[in-house]
Each structure stands twice: as C-alpha cells, then as structure tokens.
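> Sequences listed follow chains A and B, in order.
Residues 2 to 148 in this note's numbering are what the first sequence spells out, letter by letter.
Residues 3 to 86 in this note's numbering are what the second sequence spells out, letter by letter.
Since the hints were made in silico from the structure, they are not lab data.
Possibly wrong hints are sitting among the right ones.
On the chain A side, residues computed to face chain B include the following (Cβ under 7 Å) [said to hold, decoys possible]: (1) Phe118; (2) Lys120; (3) Val143; (4) Asn147.
Residues of chain B placed beyond 10 Å of chain A at every Cβ, according to the derived structure [stated by the list, open to error]: (5) Met3; (6) Ser11; (7) Met66; (8) Glu77.
Every residue gets a Cβ at the ideal spot worked out from N, C-alpha and C, and that includes glycine.
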Amino acid sequence: MTTKEILNLLPYSPPFLFADELHEITENGAKGSYTYKPDEYFYQGHFKDFPVTPGVILTETMAQIGVVCLGVYLLKDKITASEMPEIAFTSVEVDFLAPVFPGEKVTVTSQKQYFRFNKLKCEVEMRNSVDKIVCSGTISGVIKYNK
Amino acid sequence: MNKEELIASLKEIVKPYVKDPEGLKNLDENSDFIKDLKINSANLVDVILDIESAFDIIIDNESMEKMLTVKAAMEIITTKLSEK
Chain A
2 MTTKEILNLL PYSPPFLFAD ELHEITENGA KGSYTYKPDE YFYQGHFKDF PVTPGVILTE
62 TMAQIGVVCL GVYLLKDKIT ASEMPEIAFT SVEVDFLAPV FPGEKVTVTS QKQYFRFNKL
122 KCEVEMRNSV DKIVCSGTIS GVIKYNK
Chain B
3 MNKEELIASL KEIVKPYVKD PEGLKNLDEN SDFIKDLKIN SANLVDVILD IESAFDIIID
63 NESMEKMLTV KAAMEIITTK LSEK
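Here chain B stands alone, though its shape is the one from the complex (with noise of 0.2 Å):
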C-alpha cells in the first residue's frame, strides 16, 4: 500500500468521528486528529480499534499514546505492518 492509499484509507476510518467536517476535507499527513478533525479523546481509542481491524494489527499501549496525528498513525500502521 502506497502513501495515498494509505491516507485515502484512514480517511475512511477517521470519517464517523471527526467533528470537523474542513478538517476531514483537508486531511493530510498533518492532520492531528484531536486538533484538526475535532475527534473526542475518547472515540480515538474508537479509531485505534478500528485501525486495529481494517490492517489486522495489534497496537500496544505505547504506539497508541503516539497516535496523535494521521503521520504518526501511519508511521505505527506501517511498522507493524512490516513486523507481520
């Protein structure tokens, strides 16, 4: 999975709980996702869940505290892919 790819997919998964909907038009490598897209601290553990099953990864406790913003998420995303 390219770059795009990539982002076109946690596009996708981001979209239910952004609360933003200019954050979610703008979404790029940038975008944090408690700033930007306005997502409820708690539902990002929703995001994480569903991160989890679309790439049938596990993420512990620390990748989970870095996940902040969609270049963090894909940096972890492409690690544990790469680990499978």
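Bound conformation, chain A alone (with noise of 0.2 Å):
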C-alpha cells in the first residue's frame, strides 16, 4: 500500500482533514506533514483578533497523521474502498510546548507502542518547521474491521 492510497482511505474532508503528506510508514510508526491554511475556520474565533491553532486540532492532526493512517496500513490486507474500518478516538494525553500559527507547516512521526486486540496505542510528537517539538503525548483508538 503506498502512502498516496493511505491518504486517501483516510474517513475524513475538508474542513476536518489534516495531513497532506505521509513520508514514512512502516508496521512501527508513521511520519506526515501537514501546513495550516491561514483561512482554516478555527481561526474565526481562536482566539478573537489573535489566530492560534486551538490545541484540539493539533491533537486530532496527531491522531490523523500518527494514528489512523498507521491503523490504516496495520490493516491493509484487509482495507477496500469500499470496506472501511471502524474508528475511534479512545484516550489521549498531550503536553504543548509551543504556540503554531496560521500558515505553519507541522510534522508528526508515531511510534507504535502496541496493537493489540483493536486498540492501537502511541506515541505522537509534532515538530513545527524550525524542528522545534510543539506537542508531544500518548494516543489511542480502536480500529477495527467488521468482516
């Protein structure tokens, strides 16, 4: 499965698709990169006058770029287009270290702590381009396939 085909299995749209390029995947981890559009909806209202990209969005791009598309390959014997797995977000835990504002360009390397019975379980960081950590933490979900 090539990156490309991972990127586009992934359950998701704009406004609410954030990872633009996967880099490396392996049964590991996963590496992706995504650059936040300074007309990107958030920025409306986080904050007033002071666009700053919220803390949830970084997270979820995390869980995008680290977990799902890892999920996704973890499961490529069995992934069609027309058979998606179920997803879940399951529990997270994430310190922020630095501010990413509009325009920024992000990127996100998983290490797989394990795949066990559905769950899949990581460690996520972000760099921001100076390859400065801006969050870093633990991610789960389930992913499973019905079939």
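Reassemble the complex: the two chains are provided individually, in unrelated frames, and hints are given to aid placement.
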C-alpha cells in the first residue's frame, strides 16, 4: 500500500482533514505533515483578533497522521475502498510546548506502542518548521474491521 | 497463589484504570470491569496487557472477549498458568 493510497483511505474531508503528506510508514510508526491554511475556519474564533491553532486541532492532526494512517496501514490486507474499518478515538494525554500560527507547516511522527485486540496505542510528537517540538504525548484509538 | 492473593493482585492491576472508587473498594469476584469499576472498554485492553506481563502469560482473542469480570479473569489466569 502506498502512502498516497493510505491518505486517500482516510475517512476525513476538509475542513477536518489534517494530513497533506505521509512521508514514511512502517509496521512501527508513521511520519507525515500538514500546513495549516491561513483561512482555516477555527482561526475566526480562536482567538478573537489573534489566530492561534487550537490544541484540540493539533491533537486531531497528531491522531490523523500518527494513529489513523498507521492503523490503516496495519490493516492494509483487509481494507478496501468500499469496506472501511470502524475507528474511534479512545484516549489522549498530550503536553503542548509551543504555539502554531496560521500558515505553519508541522510534521508528526508516531511510534507504535502496541496494536492488540483492535486497540492502537502510540507515542506521538509534532514538530514545527524549525524542528522544535510543538506537542507530544500518547494517543490511543480503536480500529477494527468487522468482516 | 490462592484466591485472595489473586484478587489482591488483580485489584492492584486495575487500580489505575478504575473510574469508580467505590467499585474498587468493594471489588470482589463478581465485580464487572465495565459496569462496576467503570473501566473504559478500550482501557480494558491495557488491563489485559498488564495482566499478561504480571503473570507472564499470553491472552488470546477468545479469552480476551470473555474477560469481563474479576471471576472470568481469575479463571483465565489460572488456566493459562496451569498450561505453562
């Protein structure tokens, strides 16, 4: 499965797709990037007259690239475009270290801790364009294929 | 390991994942991990992985699906330990 195919299989679309590119994917982790467009909808209110990317959006970006892309790859033998797996976000613990402003590109790297009994748990970190850590933590989700 | 010791070690294992302190205090053989201890179903996977490392056993999918109460967990642990 190519990285492009994985991105095409993600069950998201704008304005809630936060994965532009997937650079690397293995059984043990994923690396990809996203650039927050200056006109993303959430900048209208976060904050008033001072747009900063919300922590929940950074978390969602880490989950989409680091956990969901990896989950799709791990289930690659079972997934087809018409038979997508069920996915659910189950827990997160993240520390935020630096702000991300409109137009910034971020790179997400994940390391699988385990994928057992349909639960995928990863250590995930996000870095900005000067390679500074923006946020990092642990994210888990359930990803399963019902057939 | 006798029954009481097994219950005591399970109590230690589930502690970090329990959302109902009363449930933990009253934990016995009949406690249901999800209904009585309010463990998030996805965290039940972590409970099972912690049980695997604590007892040095491997729990398969079929056993995992049955492991919903303290009693079921005790039976599965005892069976797996006897197979070693």
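> For each hint, tell me whether it holds in the structure or not.
Okay, the hints, checked on the actual structure:
no., hint, result
1, Phe118, "holds, 5 Å"
2, Lys120, "holds, 4 Å"
3, Val143, "holds, 5 Å"
4, Asn147, "violated, 14 Å"
5, Met3, "holds, 25 Å"
6, Ser11, "holds, 21 Å"
7, Met66, "violated, 5 Å"
8, Glu77, "holds, 18 Å"
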